[in-house]
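Engineer: Take a look at the letters that make up each chain.
Number of protein chains: 2
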Amino acid sequence: MILTKDGIKEIRQGLGQVALFDQTLATVQLEVDAEIEKGIDVPVPKDLAGGYTHEQHKTNFFTLQKAGVLFQITGDERYSVYIKDMLYAYLDLYPNLDRHPAERSYARGKLFWQCLNDANWLVYVSQAYDCIYEWLSEEDRQALNGGLFKPMADFLSIETPQFFNRIHNHSTWGNAAVGMIGLVIDDQELVDRALYGARSVSVKAGAVDNDGGSIISQDQEMGFLAQINHAFSPDGYYTEGPYYQRYAMYPFLIFAEGLSNKRPDLKILAYKDSVLIKGVYALLNQTNSAGEFFPINDSQKGMSLASRELVNAVSMAYHYGSQDPSLLSVIASQGRVPLNDAGFDAAKAIGEGLAMPFIKPSIELSDGANGYEGAIGILRGGDLTLVMKYAKHGMGHGHFDRLGFMLYDETGEVIQDYGSARWVNIEHKDGGGYLKENHSWAKETVAHNALVVNKDSHFDGKVKEADKTSGTPYYLAAGESVRIVSARETKAYDDVEMHRTMAMVDLEELEHPLVIDLLSVQAPAETRYDLPLYYVGEFMSSNQQLQTNNDLTPMGKESGYQHLWAEAQADLTGDLYSMTWFNKKRFYTLTSVIQSGDQMIMTRIGANDPNFNLRRDPGIIHRRTGGNTVFASLYEIHGSYDYSTERPLNLFTSIADLKVLHQSAEYVVVRFQLNSGEEYQLAFSLKDESESSQHAVKSAKGQCTWQGVYEFKKIK
Amino acid sequence: MILTKDGIKEIRQGLGQVALFDQTLATVQLEVDAEIEKGIDVPVPKDLAGGYTHEQHKTNFFTLQKAGVLFQITGDERYSVYIKDMLYAYLDLYPNLDRHPAERSYARGKLFWQCLNDANWLVYVSQAYDCIYEWLSEEDRQALNGGLFKPMADFLSIETPQFFNRIHNHSTWGNAAVGMIGLVIDDQELVDRALYGARSVSVKAGAVDNDGGSIISQDQEMGFLAQINHAFSPDGYYTEGPYYQRYAMYPFLIFAEGLSNKRPDLKILAYKDSVLIKGVYALLNQTNSAGEFFPINDSQKGMSLASRELVNAVSMAYHYGSQDPSLLSVIASQGRVPLNDAGFDAAKAIGEGLAMPFIKPSIELSDGANGYEGAIGILRGGDLTLVMKYAKHGMGHGHFDRLGFMLYDETGEVIQDYGSARWVNIEHKDGGGYLKENHSWAKETVAHNALVVNKDSHFDGKVKEADKTSGTPYYLAAGESVRIVSARETKAYDDVEMHRTMAMVDLEELEHPLVIDLLSVQAPAETRYDLPLYYVGEFMSSNQQLQTNNDLTPMGKESGYQHLWAEAQADLTGDLYSMTWFNKKRFYTLTSVIQSGDQMIMTRIGANDPNFNLRRDPGIIHRRTGGNTVFASLYEIHGSYDYSTERPLNLFTSIADLKVLHQSAEYVVVRFQLNSGEEYQLAFSLKDESESSQHAVKSAKGQCTWQGVYEFKKIK
Ligand SMILES: [Ca+2]
Ligand SMILES: [Ca+2]
Ligand SMILES: [Ca+2]
Ligand SMILES: [Mg+2]
Ligand SMILES: [Mg+2]
Ligand SMILES: [Mg+2]
Ligand SMILES: [Mg+2]
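Residue numbers (my numbering), protein chains in the order written: chain A, 1 to 716; chain B, 1 to 716.
These are calculated hints, taken from the structure and not from any lab test. There's no promise every hint is true.
As the list claims (entries may be wrong) - Simulated crosslink set (BS3-like; lysine-lysine; CA at most 25 angstroms straight-line):
hint : chain 1 : residue 1 : chain 2 : residue 2
1    : B       : LYS687    : B       : LYS698
2    : A       : LYS585    : B       : LYS584
3    : B       : LYS267    : A       : LYS436
Said to hold, decoys possible - Examples of chain B residues toward chain A, derived with CB under 8 angstroms:
hint : residue
4    : GLN13
5    : GLN17
6    : SER304
7    : ASP551
Claimed, not checked - So the derived label-pair ranges between C-beta atoms look like this:
hint : chain 1 : residue 1 : chain 2 : residue 2 : range
8    : A       : GLN694    : B       : ARG78     : 42 to 50 angstroms
9    : B       : LEU266    : A       : ARG647    : 32 to 40 angstroms
10   : A       : GLN23     : B       : LEU354    : 25 to 33 angstroms
11   : A       : THR59     : B       : GLU558    : 37 to 45 angstroms
12   : A       : SER329    : B       : GLU558    : 54 to 62 angstroms
13   : A       : GLN599    : B       : ASN229    : 40 to 48 angstroms
14   : B       : ASP467    : A       : ARG647    : 31 to 39 angstroms
15   : A       : LEU649    : B       : ALA89     : 48 to 56 angstroms
16   : B       : SER202    : A       : TYR643    : 35 to 43 angstroms
17   : A       : GLU37     : B       : GLU410    : 24 to 32 angstroms
18   : B       : GLY556    : A       : PRO524    : 45 to 53 angstroms
19   : B       : GLY16     : A       : GLN23     : 31 to 39 angstroms
No residue lacks a Cβ here, since even glycine has one placed at the ideal position from N, Cα and C.
With the sequences and hints as input, model every part of the structure.
Structural biologist: Structure representation (structure tokens):
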């Protein structure tokens, strides 16, 4: 199914000649041999995630899958015997099991507390079963098919339709599990059930899952093909974000791989304009320079291209896609390959020196099944990566972060998104699940580099409202030296239109590209704006007089403010706010245009946090009261520090001045000056995205004229 | 002087054959060629450190030294001409200079704001001058000797005796500078002045430097030999700590190197039982696994074996010492060598594969010129490094940290010392000098993992009192599986005797050595103890009910407490406090014995910090009121976390119980139990350090008997 007869032949012939494959094989062999040494352990299910029975069944399915592959590659019957013995142990156990004793899940499993994990088991174990299927006697096959696998497939589908017939990543696992075992035992009905849903059974209207998500989709679509239709935008973006996409990709791709090999007629990888392969590229594009995913929505930071799901996905995209040599460099950096046709193909190509660098472009990834529901925009220039989110909300895992952004350089985060408030699988922290501060802090607008109006989150913090609409892509330019992303959000607050335009420009005078941030807002007079910025590092200095607070109380009672301390504030004076921070041997400077009455608050996360669940990270909030306005800022990365010479280089900003020359609902024009005297100007049209339109606006420096959406130029 | 004729011959013959030397040479050549390309710039002195004229003169002396070496090695006259031209530029400038316009220093220089930097200049430039001395005409030599170098040597010595005739690291630079130029120009009087002081001039009694340090030593010793006598203990420890030792070592070693080559009769490297070479080993032993120095006293963290001073020092200790092959692995890790006889010798030996691992032992480094004034104790076991300080105060740069400790594993800090409150050379932070929070926070006892009595620092925070005495070494054991350090402090507080015993023991059941911490205190009833612990990482959980504060005020008004917030506290119940934290993919658990009435306070640094000079690091304070007592704790390093599998291993502590079985002025006995059932006991004699004494004490578990200072054993 995943390993083909031709593939196995080629792998066996190539053993000892393809370094990356051989190394992975040796590692896996050590792992599996160690497990075989320990003996078979199939306990009666009892525990939740992290507990003994849970972790043992999980270890079992990973080991079985690997043992199957080893049997196919080496022909060593120790592996097939191990699998057979283990399967018979499950055959002894499974038929007598009721649903798991823990009652936490809306869809309790049998081996695990939730069907999701049972489906994980079946996705992996069906691969092991496939690897020994021909080796088994007909008698064994009948016993296992009838006593273990068919009942399990029925349990996960027709007996639990609230799990199987959803449009949801849980169901993708269920669909793949049932379909894969169907492919193995050649049961067409199971494969169809996987592809099109368990249409004979239905779910009560109004049923919801543990997160309050509704079970039935409006149009009653179901099954694997429907999951593909709904899960991915045409660009391969997954509305819950890359952290969840990474998790969901495995069942999508592994079942698709099985279908490709066993049901080539379905052309599953070409389905919806090859969106599964596009999904892999979308994941690669949603990483920083360390290969870590952008922590959009509920994401634990640190998940990366090193994960086993991506190890499988990238080799598969190489093998079943267009043999893109730039994927090979990613695979080489992963340091291991899946032990199958795809992995062997990729490892062989790497061995032949075919790898090319994977260059991440400045790119917009649309959201929504048809690509018309917002997007994320990613700008890349020099060391820098900028991501702006104006996508869909992301359902139950979404954050209220419209037009929020994150900025990275190759040392890591420069301006961070908090990510989720969760320590995945770490039992100390409420069993490793989402913490209550995930809801009360991490999702809220004030936890993001996004505009807060009147101290309330976007959509009043209501997921259902947020899910109804998306941000509006306006413009993305991926030029040689100028990259721009621009998008609008008009629904997050009543009567407030936000339009954020971020540019990343190469200036010959600066070490790194400069980031320009223009957040235009049209709103009633006396609107109270709070614009947070979560810089990463140690505050060095600012050009303003800070008043420090020696009596700290939470900044508010709700919408995330209850978790913030105001350590200091400044009533801003002059024309500019300038602040430098330091992190990982580099300096960073923010320069923002001040309006009269503006305030800057130095914040610290950590109030109302009885279990110390939140990181004590710093931020600033630019506070302004007014009507239509523009928040205009520059982010400069500069200089370095060497701890062994104690020598700082270029430790002061090069920005001498920044001015908004024009602001209106239609245009924004800014000009900035370097200390060395050069001046640059960015003029941007907010309402007319035609590249041929002529624009002329009055500005403090006289008339500005240009053609097209924007003009960025050196004035002197 | 530094390069010998034989050395040069050998280097020239070996060019192209000694990789590490060739690489360093190529790098230095690029650097110097780039400077030559820029042209000569010898500005009129004006700026402080960080400013243009300061940095330019600093660049000049480094470049000149390198150019000299390059001339000797390559014979390329571009280098000698460059040096000569530069020296003539200084000859044009120097004779017309008055003292530097900035008036900050007690000993203003001419090229720089302080004589210290002028001496730096002369130490480096005399090496460059030596390299071209024979190449210059007699006329040039006379002009430069008479117009530049002799006046400079006189200026730094007889014209500024408050700088030259001290026992102080500043004077070491002055002595070396004068002595080295004396060696170059063969002026015996200058060499003698360097070795024995400028005895013709005197300093006003009671004169002090900028830090308030007194200029004249009690016994009127002066000169380079006196510096060696006073600066180092017989173990090569330097009372200000390794950060300052690293800085001071360069003039000690480079002048000694010159004397070794030009005045072998002095046997300078054998002086005081080869203490200069021992000093290099002492520095190597005062590093964590990343090669970073322990931040004892005023130290910026991050300074390491990679510094240029150590690059010079380690090769020198190899070449002029006993050709210790374990130094070669340190040199290899530095990645470069000094371009001289010593560096060539080391690089050649590395190329020949002679390098051996440098194993850092568990060791005590005595303090004080005669080694009788306290010490630091360093325990090494597995991945772990523990340092306890019971040395002298460390003069103006000392911290009130008697019996304080730091703990590292190979990921870095586990339990930290704050270090200094300073960003060296970073102008944003008060010009890069010591910040006022260095005094008000970093030096205070509560900023350390050290016992605070009655909310006041040791010695009432008075340097003069602290300098009068030192901690008292009691016992150090460097066993195969048990290492122990034990020391007393009886002067820091009136009527309070502290005796801390820390053990690092290998247990077969645990992944890493376990640290046992027994702080015995004899004090009047109702004494108020605060024992801080600065853990590094994110709090995971504790076994106690924390009361979180939503209104934060500084914990006190002085002695460092004014900089602490109490984020939460717990009135401790039961027998144990257990707390787990997480850092860099590992788990750490503290287990402490509780007495009735004890409190634990969760602290955060950052109150009263108007310029955001302090890191917002967490800590806990174990608060107890009582008389004689023991604080007994275990520190366990355990488990791991993988961000790509999200799988934690061994995330809970293995410690089930810890009990103090006996506590008195003479003994402390503790027993602990693992979750797996094993029990271990440590019995320790606090007053009798004989290895043959028999001890018997009553304990809650019956009579304990043992021989010698301690017994650590498995009970079951
Ligand atoms: Ca509201
Ligand atoms: Ca709200
Ligand atoms: Ca005091
Ligand atoms: Mg977020
Ligand atoms: Mg809310
Ligand atoms: Mg300290
Ligand atoms: Mg004080």
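Engineer: Hints first: check each against the structure and report whether it holds.
Structural biologist: Comparing the hints with the structure gives:
no., hint, result
1, B/LYS687 x B/LYS698, "holds, 17 angstroms"
2, A/LYS585 x B/LYS584, "holds, 19 angstroms"
3, B/LYS267 x A/LYS436, "violated, 70 angstroms"
4, GLN13, "violated, 32 angstroms"
5, GLN17, "violated, 28 angstroms"
6, SER304, "holds, 6 angstroms"
7, ASP551, "holds, 5 angstroms"
8, A/GLN694 x B/ARG78: 42 to 50 angstroms, "violated, 58 angstroms"
9, B/LEU266 x A/ARG647: 32 to 40 angstroms, "holds, 35 angstroms"
10, A/GLN23 x B/LEU354: 25 to 33 angstroms, "holds, 32 angstroms"
11, A/THR59 x B/GLU558: 37 to 45 angstroms, "violated, 56 angstroms"
12, A/SER329 x B/GLU558: 54 to 62 angstroms, "holds, 59 angstroms"
13, A/GLN599 x B/ASN229: 40 to 48 angstroms, "violated, 60 angstroms"
14, B/ASP467 x A/ARG647: 31 to 39 angstroms, "holds, 32 angstroms"
15, A/LEU649 x B/ALA89: 48 to 56 angstroms, "violated, 25 angstroms"
16, B/SER202 x A/TYR643: 35 to 43 angstroms, "holds, 40 angstroms"
17, A/GLU37 x B/GLU410: 24 to 32 angstroms, "holds, 29 angstroms"
18, B/GLY556 x A/PRO524: 45 to 53 angstroms, "holds, 48 angstroms"
19, B/GLY16 x A/GLN23: 31 to 39 angstroms, "holds, 36 angstroms"
In summary, the numbered hints that this structure violates are 3, 4, 5, 8, 11, 13, 15.
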